[in-house]
Amino acid sequence: MTEPDQKHTPPPARTPVRARPAPVTLANALPWILGGLFLLAMPFIFQSNSAITIMNQMAITIIFALSYNMLLGQGGMLSFGHAVYMGVGGFLCVHIMNWGDVFALMPLPVLPVFGGVFGMGLALIVGSFSTRKAGTIFAMISLGVGELIAACSVIIVAFFGGEEGISGDRTYGLPFFGVEFLHQIEVYYLTAFWLMLSALLMFLFSRTPIGRMANAVRDNPERAEFLGYSARWVRFYSFVAAGFFAGIAGGLFAINYEILTEENLNLATSGQILLVTFLGGVGFFFGPILGAILFTLLQTVLSLQTEIWQLYVGVLFLATVMYFPGGLAGVLMMHALPLRLGQAGLLVGPYIRTLVPAVVCALGAASAMEILFHLRHAALGESEMTLFWITFDSHAPLPLAIAAVAAVAGFWLARRSAPAMAEAWHKASTPHGGAA
Amino acid sequence: MTATPGPPPALEIAGLKKSFGKAEIIRGVDLSIGAGERHAVIGPNGAGKSTLFNLITGRFPPSSGAIRLHGHDISGKAPFEINRMGLSRSFQITNIFPRMTVFENVRCSLLWAQGYRYSFWHMVNRSRDLNEGAEDILEQINLTERRDLPAGVLSYAEQRALEIGITIAGGANVIMLDEPTAGMSHSETDYIVNLIEKVTENKTLVMVEHDMGVVFGLADRISVLVYGEIIATGRPEEVRSNPKVQEAYLGAALEAEH
Numbered sequence: 001m002t003e004p005d006q007k008h009t010p011p012p013a014r015t016p017v018r019a020r021p022a023p024v025t026l027a028n029a030l031p032w033i034l035g036g037l038f039l040l041a042m043p044f045i046f047q048s049n050s051a052i053t054i055m056n057q058m059a060i061t062i063i064f065a066l067s068y069n070m071l072l073g074q075g076g077m078l079s080f081g082h083a084v085y086m087g088v089g090g091f092l093c094v095h096i097m098n099w100g101d102v103f104a105l106m107p108l109p110v111l112p113v114f115g116g117v118f119g120m121g122l123a124l125i126v127g128s129f130s131t132r133k134a135g136t137i138f139a140m141i142s143l144g145v146g147e148l149i150a151a152c153s154v155i156i157v158a159f160f161g162g163e164e165g166i167s168g169d170r171t172y173g174l175p176f177f178g179v180e181f182l183h184q185i186e187v188y189y190l191t192a193f194w195l196m197l198s199a200l201l202m203f204l205f206s207r208t209p210i211g212r213m214a215n216a217v218r219d220n221p222e223r224a225e226f227l228g229y230s231a232r233w234v235r236f237y238s239f240v241a242a243g244f245f246a247g248i249a250g251g252l253f254a255i256n257y258e259i260l261t262e263e264n265l266n267l268a269t270s271g272q273i274l275l276v277t278f279l280g281g282v283g284f285f286f287g288p289i290l291g292a293i294l295f296t297l298l299q300t301v302l303s304l305q306t307e308i309w310q311l312y313v314g315v316l317f318l319a320t321v322m323y324f325p326g327g328l329a330g331v332l333m334m335h336a337l338p339l340r341l342g343q344a345g346l347l348v349g350p351y352i353r354t355l356v357p358a359v360v361c362a363l364g365a366a367s368a369m370e371i372l373f374h375l376r377h378a379a380l381g382e383s384e385m386t387l388f389w390i391t392f393d394s395h396a397p398l399p400l401a402i403a404a405v406a407a408v409a410g411f412w413l414a415r416r417s418a419p420a421m422a423e424a425w426h427k428a429s430t431p432h433g434g435a436a
Numbered sequence: 001m002t003a004t005p006g007p008p009p010a011l012e013i014a015g016l017k018k019s020f021g022k023a024e025i026i027r028g029v030d031l032s033i034g035a036g037e038r039h040a041v042i043g044p045n046g047a048g049k050s051t052l053f054n055l056i057t058g059r060f061p062p063s064s065g066a067i068r069l070h071g072h073d074i075s076g077k078a079p080f081e082i083n084r085m086g087l088s089r090s091f092q093i094t095n096i097f098p099r100m101t102v103f104e105n106v107r108c109s110l111l112w113a114q115g116y117r118y119s120f121w122h123m124v125n126r127s128r129d130l131n132e133g134a135e136d137i138l139e140q141i142n143l144t145e146r147r148d149l150p151a152g153v154l155s156y157a158e159q160r161a162l163e164i165g166i167t168i169a170g171g172a173n174v175i176m177l178d179e180p181t182a183g184m185s186h187s188e189t190d191y192i193v194n195l196i197e198k199v200t201e202n203k204t205l206v207m208v209e210h211d212m213g214v215v216f217g218l219a220d221r222i223s224v225l226v227y228g229e230i231i232a233t234g235r236p237e238e239v240r241s242n243p244k245v246q247e248a249y250l251g252a253a254l255e256a257e258h
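Residue numbers (the working numbering), protein chains in the order written: chain A, 1 to 436; chain B, 1 to 258.
It cannot be assumed that every hint is accurate.
[What the hints assert, rightly or not] Chain B regions said to be covered by chain A (calculated; three or more residues, Cβ under 8 angstroms): (1) 42-49; (2) 72-82; (3) 90-97; (4) 122-134.
None of these hints come from the bench; they were simulated from the model. All residues carry an ideal CB built from backbone N, CA and C; glycine is no exception.
When you get a sec, could you build the whole thing from the sequences and use the hints?
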């Protein structure tokens with residue numbers, strides 16, 4: 001063997017490279033500026049107390065869903081127990097509210113930080129063993145821990161307050177520049193501030209080395225290990241960060257509702273945030289924001305209209321999983337390319353031809369469901385019902401027949417024109433599609 | 001081979017064994033690869049080449065024996081620990097990050113080596129060295145035009161090139177390539193061989209390869225692995241004329257080439 005002439009070299013020196021900051025461009029900052037202005041303006045557009053309550057709930061759900069997507073979308077971790085991190089953060093904040101001496105010295109807007117730190121603390125403990133593996137094992141551990149802590153709510157009564165939960169009063173805090181948070185609108189701006197801050201921090205997290213590696217570990221944990229990263233620690237850091245922001249959401253929940261119960265910890269709440277996040281789309285940062293807005297609207301507005309709103313949400317969720325796995329954000333982003341190519345106009349006709357019958361079908365099916373539900377569940381002798389501003393007798397066969405015909409005909413028409421819509425989309429997404 | 005004073009070999013394997021249950025796949029391998037050497041491991045299917053790779057790179061722990069990288073024992077260490085010591089590998093079956101862009105694939109491969117570790121206080125977009133480093137690698141593997149596509153949509157040959165790009169990005173000085181030309185056409189093979197020559201300059205290269213043209217063109221030395229044992233190690237012409245190798249493997253393999 002000839003002795004190779006290269007001398008033995010030690011592994012390359014691995015010193016951090018000082019980053020040279022690039023300027024924050026207007027294009028980067030624009031969505032955030034618009035988002036902030038939007039949040040400032042909303043209460044002037046929707047002034048009623050109930051609207052502000054809905055917006056508060058929306059903001060809290062957005063933070064919670066974004067935090068959940070740090071696990072699901074960014075890190076590839078399917079959790080069935082994310083509610084506990086929000087819940088414990090919220091419980092702690094209510095306890096602080098009730099701790100008069102301390103709370104009297106604390107301005108209310110600071111309170112969510114404690115929720116965040118507490119949620120992070122729990123995530124630190126749970127994450128130390130649950131993030132060793134992703135996939136089914138992680139999902140099962142999250143489920144087990146979630147159930148365990150939900151069960152603790154009736155065991156550790158001192159902290160969780162048993163079945164009735166614990167409640168507090170946010171107005172006992174140190175006035176913040178004279179604001180005592182007696183009004184919903186004041187809570188709104190507090191929540192909106194935390195929403196902007198949390199969303200920005202979570203977005204920036206996804207742009208850090210650990211955030212990028214979370215994507216890499218999601219895609220291919222084994223390969224990431226051969227690049228010097230322990231997949232387990234990458235997951236752990238994402239998990240802890242997600243726990244922090246969930247805790248922030250919990251603190252805001254405590255401020256907004258002034259009560260926390262077992263419901264804030266249980267499986268139903270954990271499952272709901274999975275649904276919200278998936279509905280919005282896990283593939284894009286803004287997906288969970290859309291999901292949270294849509295879901296809160298369904299939950300608050302639709303639930304006033306119909307008792308079976310959860311059925312519709314369930315169907316919507318199923319349809320999303322089956323036909324639009326990218327969620328709402330995925331559907332929107334499908335149109336980025338046609339728009340960039342200036343060919344979005346090609347889509348208008350086919351969309352109308354398919355979506356109008358599809359809406360007719362959905363409304364018909366929903367009407368049929370409502371009539372049947374009324375038939376079965378209305379008080380005895382009450383046969384009059386109102387649907388879409390029309391009042392009729394739910395026992396008569398004609399309304400049900402009309403609804404069924406609308407559903408079937410709408411379905412048939414939508415199905416018939418669907419291939420043309422798909423084709424139009426492909427055409428609009430191909431450069432020079434018009435010429436081909 | 002007698003021990004000579006001086007720097008330890010880039011990679012040294014002694015008495016390495018690996019069993020899965022009762023089956024002994026690697027049955028006592030000794031091998032020493034000098035710094036800067038290009039070394040090929042060849043052998044019939046099922047000889048244990050990939051297992052040997054997996055043992056060296058930490059995918060599996062060895063049953064017994066020692067593996068030393070620049071004189072440091074690495075046997076039984078985790079893949080990420082071995083990688084941090086300057087050893088990087090590619091995979092026989094393309095192993096990339098399919099949903100991330102090509103650029104992002106390469107940039108992630110640079111992160112640890114550039115010292116970012118588990119940082120959540122740096123912005124990757126703002127590091128000039130990181131981004132220029134990634135662009136450099138893309139240039140080298142000819143994928144600059146594909147930089148913003150999800151890696152999963154690249155052609156097979158492009159994915160293989162990306163696989164090599166990811167492997168070399170971190171600046172490891174021992175590069176292990178597992179069948180880099182598997183499943184490629186002639187022109188694609190030529191392209192990958194040129195690429196390997198270019199990117200492994202001044203580095204230690206260990207590769208498993210079936211294409212004898214590639215092996216004899218690239219390697220300084222060749223080891224022949226048969227049934228978990230190395231039956232011969234030497235320069236290409238020595239190995240080619242070794243009767244034991246002829247009998248066990250190469251005769252058939254060379255005939256198949258023609």
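*Coverage of the region 90-97 of chain B by chain A (three or more Cβ within 8 angstroms)*: It holds, with 4 qualifying residues against the three required.
*Do three or more residues of the region 72-82 of chain B come closer than 8 angstroms to chain A, measuring C-beta to C-beta?*
holds (count 3)
_Verify this for me: three or more residues of the region 42-49 of chain B with a beta carbon less than 8 angstroms from a beta carbon of chain A._
violated (count 0)
*Quick check: the region 122-134 of chain B, covered by chain A? Criterion 3+ residues, Cβ under 8 angstroms.*
holds (count 9)
The structure is inconsistent with hint 1 alone, although it conforms to all the rest.
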